[in-house]
Structure formats: structure tokens, C-alpha cells
Amino acid sequence: MSEFLWQARAALVVAKKNAMVYYLKPPVFTFGIIFPLFFYLAFAAGHAAPPETMAPGIVAMALFFTASAVGPLVTPWERQAKTYERLITSPASLIAILSGDVLAGTVFGAVLALLPLAIATLATAASVVALLPLALGIVLGSLSFAALGVLLAAPATQGPSQVMMLSNLVRLPLIFVSGVFIPLSQMPAWGRWLAPFSPLSYCADLIRAGFGEEHYWSAPTDALALCAFITGFMLLAARWHRRTRDRVV
Amino acid sequence: MRDDPMEIARSGTPRRTSHATRLAGHSESASRLPRCAIVAETLSRAFGERVAVDAVSFEVAAGEIFGFLGPNGAGKSTTARMLTGFITPTSGRALISGIDMAVRPSAARRHIGVVPEEANVYADLSVWANVMLMAELHAVPKAARIERATRLLERFDLAGRAEEKGAQLSKGLRQRLMLCMALVSDPQILFLDEPTSGLDVASAHLIRDIVGEQNRGRGMTVFLSTHNMDEADQLCHRVAIIDKGRLAAIDAPDALRRRVESRRSVEVRFAQFAGRPDELAPELAHAEVTLLPNGFRAYTSQPGALAQAIAVRAAALGLRIESLATLAPTLEDVFLSITSHAAAKNGGGRAA
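First to last, the sequence lines map onto chains A and B.
Quick note: the first sequence, position 214, residue 213 per numbering that gives the first Met the number 0, numbers continuous.
Quick note: the second sequence, position 123, residue 122 per numbering that gives the first Met the number 0, numbers continuous.
Quick caveat, the hints were computed from the structure, so don't treat them as lab data.
Don't take each hint at face value.
To be verified - Residues from chain B that face chain A, not an exhaustive set, calculated with beta carbons under 10 Å:
#1 T87
#2 R92
#3 L94
#4 A107
#5 N119
#6 A122
#7 A142
#8 I145
#9 M177
#10 F190
#11 V288
Said to hold, decoys possible - Footprint (simulated), chain B over chain A, 3 or more residues, beta carbon under 8 Å:
#12 1–9
#13 16–22
#14 83–95
Keep in mind it's a predicted model, so treat the numbers as computed, not measured.
Every residue, glycine too, gets a C-beta built ideally from N, C-alpha and C.
Just need the whole structure built from these sequences, with the hints factored in.
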């Protein structure tokens, strides 16, 4: 078995372990499901817009919160539960372990995002008119948010709560600058200037295109930008995790 | 100065001939000697200003059980963690089965099973799932991992608890499970960091038995970091003693004991005794003596003569001796001798 296949297999094993151990942990449930639901309800209560126009934003926001909820929890939890050293001293490379974490977050996000997608298409007038941009938005968006979550888990701490707090500090502002509920073209100049720095902007743009609504960039631009975010987050995560790996011993 | 601890430290390199001879009596794998399973080459690690491990070098032969002893904070776990690749050395290198841990860590780790200090099992996974996880991370084929896991859980008396969650296990059972997880990949080298610390007698005994079996039956190399001198004495072919980050001694337990002749002793207990030891033997006024209930233990390089003198004097004084024994130095004596010598040299010192 080549080294690449060995490590790919190890990443799948780590992802399976993460799914079994972390999907039902209270912080994942709270920050991945409850939090975006109430965030949406609070926003919807203050706006009279028809629900179908908000469908792309809801799907993008749900995807963002769910996919980025698993990554920040795994490493701090493993450190606290004293299972981290065993994992690191297994033949799985650090990249394979982090890829497993990303994969677990991606699947969690993509699967749970199908729920608001189904509700939006079945219970409102919203409909999917372009499957490819929507699928790209969900898959690439989920990957980039999960990678962001893994990057946020790198600080040398044994407390999952500290990392979850940090992750919310990063995630919440991104919601406001990413055109989730307001199309980017209608945002003030400062918003349009900040939006390109958030992966959520491109994901929401692709999902908006999937629903046949006005989108800001072309689908290939969105997809390429998301690929760049995924690569950048993974490289940074690998570098940062390598530096902090043995700090908490 | 035969029993000078620093003399012992200076002879830090393994004495191949005697070591191989000793192993031959313990392991069927002796014919494979002297291939090195583990090599530490001037390993050092600093945490900020503090140097935790300072240029530690040693070799562990394939099929050897190697004990790594030291007081708290001496650098035992840091050294073990550098060897398993969890901690990156500040300088030096670690080789596992000839593979440089810094260059090909994944390849090196395929040869090892690890039971880290303070480690835990996955509390949310079942006993069976915990073992399967490690087997899958080592890419053990499905049929082999099921067969091995079944056999190991039987051997560790965990078969009836395969479906229980890790959180439901006691500390002793968790430690057994951790050893199962380390052994399921059938590693060539097993790293154990304080494997029996805080365990009940039965669990500690079982773990020692199985480690011995793995070594004798399969020629598994074992790196055992421990505080437990008896455990090291029983299990290890050689031991290294690390103190303040530096290797202070390395040799077979018997050889180390022989080097501290002055730590031989006489232990005597009377039916009743409230006097001073030097009333029985004047030379004890200047010797190291530990008082015991109705007796004492005196350290000397000539225990036979001292025992005889005590017996004669006791008879003259009308004291009834309950027990009188000459004792060889223990590994603990060697350890204390070495670590107290180092402390004294650094301006500390240890009360006798």
C-alpha cells in the first residue's frame, strides 16, 4: 500500500471515530444546530421578506455552523480526555488526523444542511434551478468551514470551551460580512470590501445561484475561491497543530 | 571506587557481551541480537529555559526489556515521548527499528505500540470499538484484527465487557484495555509509561505477566518507564536511571547492584529492643542505620561479619533475636544512591 493510500485510509478511520464520538457531544449540538436555528429565528422575526428569498441564506448559514462545529471540539477534547497522545503516536500522520477531522465536519455539515434545504424546497416557493452550483456550494463550503474549524482547534489548550469561544468569536462576524441574508450587491461598500475574505461569501453565492437567485461572482470563481480557502486553512492548520502538538503535556 | 554512582554513569554504553548472555536466558529471540530496536542519539529537549532531557544516548536491543527509571520530573516521560514521536527533540535523534522518527515518523510508528502515561481510552466507545480503532489505524486486515482482539480481550479478562463503554471501566480495567489497544497491531516494540501505577495487585500482576509473555514468546522489545523498582527488577534485562535529565547509569539490574557493595545490609529484629544500635556493635556509631520496630537495618560492605558481631553481643546482653538477615542491595538502593549522589553534587543532598 502506498504511503498516500495508507494515510488516506487512516484519515477515514479518524473520521469514523470522530463521527462515533463527537457528533452527539453537547457543544456540537448546541453550536452546530441550536445556535444557527435561533440565529435565523431572531433574524426572520425582524424582517418581512418572504421565506423563499431567505432559503439560500438559511442553507448557507446552517452549513457554516454545522460544518465548523466539529473541528474546534475534537483536538481540545482529545487533549482533555487524554486520548490525543495515543492518536498522535499511531501511524496516522498529523495531516491524516487533521483530514479525518475535516472529513467528519464536512459530512456532518453537508448532511445536516440537507434538512433546511428539504424544508425550503418542500414548504416554501423556493426551488433548485441549478444543481451543480448548489452541490458545489454545499460540498466545497462544507469542506472549507470544516477546515476552518480544525484550524481554530490548534491553540494549545486542554479546554474545549476556550476553543469553542474562540471559534464563535471568528464565526459570528463572518455571518455579517458574507451576504448570507442580504445579497452582496445590496450591501454597503465596506461589506462588499470585506466579503471576499470570508469563505461563507462564496458558498452563499453558489447556493444562491443554485436557487436561481442573483449572485455576485461567477460559479467557477466561487468554486476556485473555496478551493483556495480549503488549501490555505489546511496548510495553516497543519503548521499550527504541529507547533502546538506537544505544548499541552 | 567500585560503588561510586558517577562511575556507574560513566559506563553508560551497554555492555554487549554480558547483555546478550543475559538475554539468551530470557528470550527465544536472543539469536537475533544485537540488532537495535531503539536508538537514542544525544536526545535533548528544552521547554523554554528548562532543559528536561540533556543529551541522552542509549541503545535497546531487539528482544530486550529495557527499564527506564528516574524520580519525578527526571525526564522519563519526555524521553519516551521523543522516542514515540509525540515530542520533537530540541536536538539529537531517535531511531525505531533503524528508522529515523523525525524523517519517517509514520513508518517508524508502524513498529510500535504505545501505552502513554496519563493516557485514557475513548470513554464513548465500547471496549471492542477502542481495540478496533487502534487496529484500523495500524491497517491490520479485518480477519486478523478480529482474531487478535478476541484473543487479547480473553487474555486480559475483558471478553465479557466487550460491549461496555470505556467510561464504565475501572482504572485497572482501562489500563488492561490500553494494553490490548497497544498489542492489537502486534508491534515489534512496546512502549509502556508507568503501566501499573496506581493499579490493584491483580491488574498489575496480570499486566507484568503478559508483558513477560510477549517478550519471551514473540521476542517483543519492551521500553518500560517506571517508578516501580521491583517491577523493573523482575522484568527488565537492563535498566537505565535518568536524573535531572541526564543518564546516570545503565546496566543489568544485577550488575548495578554489585556496584553498590556498600549498600549491602544487615537487618535484625529482637523480641524487645529499646537500646541504640551502637550498643550492639560499636562500628554502627558511624554507619548508616535505619531504625525499625524492635530492631534496625545497618548498611555495610561486610554484612556477614556485622551479623556475627550483633549475634554475639545480643547473646551477651540477653536479647532474644527474632530474625537476623544479611541483605543484598536492591535496585531501589542503587537508585537512591545514584540520585542522592547527584543531588549532593548539585548542592542539595539527601538525608541518610
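request  = Give me the numbers of the hints this structure contradicts, sorted from smallest to largest.
outcome  = Numbers 2, 3, 7, 8, 11, in rising order.
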